[in-house]
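Based on the sequences and whatever the hints tell you, model everything.
Order-wise, the sequence lines are chains F and G.
So the first sequence is residues 0 to 215, counted in numbering that gives the first Met the number 0.
So the second sequence is residues 0 to 215, counted in numbering that gives the first Met the number 0.
Don't read these hints as lab results, they were simulated from the structure.
Just so it is clear, the structure is predicted and the values come from calculations on it, not from any experiment.
The beta-carbon is built from N, C-alpha and C at its ideal position, and this holds for glycine as well.
Treat the hints with care, as some may be off.
As the list claims (entries may be wrong) - So these bits of chain F aren't anywhere near chain G, every CB distance computed over 10 Å:
id	residue
1	K1
2	G9
3	A21
4	G23
5	D45
6	W51
7	A53
8	D146
9	D160
10	T170
To be verified - Think about it this way: if two alpha-carbon atoms lie no more than 30 Å apart in a straight line, the pair counts; the simulated BS3-like pairs of lysine-lysine are:
id	chain 1	residue 1	chain 2	residue 2
11	F	K89	F	K1
12	G	K89	F	K103
13	F	K204	F	K103
14	F	K89	G	K103
15	G	K204	G	K103
16	G	K89	G	K1
There are 2 protein chains.
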Amino acid sequence: MKVGILGGTGPQGRGLARRLAAAGHDVLIGSRDVERADRIAAEYDDAGYSGWVAGGSNSEAAGAELVIITVPYHGHAELLASLTTELAGKIVVDCVNPLGFDEKGPFQLLVAAGSAAQEAQQLLPESTVIAAFHHVSAVLLDDPTVDDFPDDVLVLGDDRDAVAVVCELATAIPGARGIYAGRLRNAGQVEALTANLIAINRRYKTHAGIAVTGEL
Amino acid sequence: MKVGILGGTGPQGRGLARRLAAAGHDVLIGSRDVERADRIAAEYDDAGYSGWVAGGSNSEAAGAELVIITVPYHGHAELLASLTTELAGKIVVDCVNPLGFDEKGPFQLLVAAGSAAQEAQQLLPESTVIAAFHHVSAVLLDDPTVDDFPDDVLVLGDDRDAVAVVCELATAIPGARGIYAGRLRNAGQVEALTANLIAINRRYKTHAGIAVTGEL
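Pasting the structure below:
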């Protein structure tokens, strides 16, 4: 599948590009800075994966079959509002965590729509928005020596078929499982849980993620 | 340690009473219905654990050294406001998940204070409120045949010593780990994540909990 990653030159975007190319997908890394996207894409394209990786503008990346959003939250609404046409009819996977930081560490930013994913769905009424990939450590994703992820990927959405597509995409990360974890209206707490994982990382000097226990 | 459980006759309270008594703690199950609390406590008191279990009123349970709150959210504020004197100077562990349910399943209830735990801290300014035990399955807690929990317990709070006490309490559940997961202001998403676990339980017919990945 041809996958576009908006804001794909950041740590999360690069990690996903690596894993998706390794799983045989073709990846378009989109960025405001096309030259930077090209340069980063070349690294992954030369890594010998079965999928190719190319760079381009966010608008070009939005032309892919499935599009992942990894921009910082402060640029989220403006970018999506500018790409409604390109994203119409597609699965849009929102990984954005609306977090603020102060001297006491990270905290949840309030989003009028309830969550970044619900905001995306409001801005993109003709797309099918799925929330996923919030907790997988960008550091581990982008580390080619890590080939057995202990993390699960919580996948949220209101369209069962789109959820299944994204669960499959997540399960392509070696060791990880894509797990349905509720409707889009329950995405806010999943996004904000990243603040707790950052607190765990700081206290225990680790790269924390989450796994779902119980038989699945 | 002598532990009181407010609203302790519900599934979560009963499960915690069993595990804490098994770990050698003395447990006071509090309830509005003292006769019911007595009857339920007798079951655990007769189970041969090294700690004793007794029933009583919520006010009596609030007299213990450490107090756990497992009431439904709709009774949370009223109960705590009535026990400020009994709870002053103590560690109060809030396990309450403010959730609503409709035909589409569970969802997060908005709490003006940010979370049930922050609401508790506002109502109990002389207590040290810690948020914990939101995700451990009540069914598994109360099943004496389960002796190796795969779940972790996220423990949130602003007082490092109190966090350590509650982490130790959680780690007394065989197999579980109590893990510091941030300040109290990050409790809302941990409480609300219970909605996602309920969605997972419904889709996969399981008793889902969470485990933290990464070296701790």
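Hint-by-hint comparison with the structure:
1. No beta-carbon of chain G comes within 10 Å of the beta-carbon of K1 (chain F); the shortest separation is about 29 Å.
2. Listed as a non-interface residue, G9 (chain F) keeps its Cβ farther than 10 Å from every Cβ of chain G; the least gap is roughly 21 Å.
3. The Cβ of A21 (chain F) lies farther than 10 Å from every Cβ of chain G, with a closest approach of about 20 Å, so its non-interface assignment holds.
4. The claim that G23 (chain F) lies off the interface holds: its Cβ sits roughly 25 Å from the closest Cβ of chain G, which is beyond the 10 Å cut-off.
5. Remark: the non-interface label on D45 (chain F) is consistent with the geometry, its nearest Cβ contact in chain G lying 30 Å away (cut-off 10 Å).
6. Even its closest Cβ contact with chain G, about 30 Å, leaves W51 (chain F) beyond 10 Å, as expected for a residue assigned away from the interface.
7. The claim that A53 (chain F) lies off the interface holds: its Cβ sits roughly 32 Å from the closest Cβ of chain G, which is beyond the 10 Å cut-off.
8. The claim that D146 (chain F) is not at the interface with chain G holds, since no C-beta of that chain comes within 10 Å of its own (minimum 15 Å).
9. No beta-carbon of chain G is positioned within 10 Å of the beta-carbon of D160 (chain F); the least distance is around 14 Å.
10. Non-interface status of T170 (chain F) relative to chain G is upheld: no Cβ of that chain comes within 10 Å, the nearest being about 14 Å off.
11. A hinted pair counts as satisfied when its Cα atoms are at most 30 Å apart, and K89 (chain F) with K1 (chain F) qualifies at roughly 12 Å.
12. As the CA atoms of K89 (chain G) and K103 (chain F) are separated by approximately 24 Å, the hinted pair is consistent with the 30 Å bound.
13. This hinted pair checks out: K204 (chain F) and K103 (chain F) have alpha carbons roughly 17 Å apart, not beyond 30 Å.
14. Simply put, K89 (chain F) and K103 (chain G) have alpha-carbon atoms about 24 Å apart, close enough for the 30 Å limit, and the pair holds.
15. Note on K204 (chain G) and K103 (chain G): the hinted pairing holds, with a Cα-Cα distance of about 17 Å set against a maximum of 30 Å.
16. Restraint check: the Cα-Cα separation between K89 (chain G) and K1 (chain G) comes to about 12 Å, which is no more than 30 Å; the hinted pair holds.
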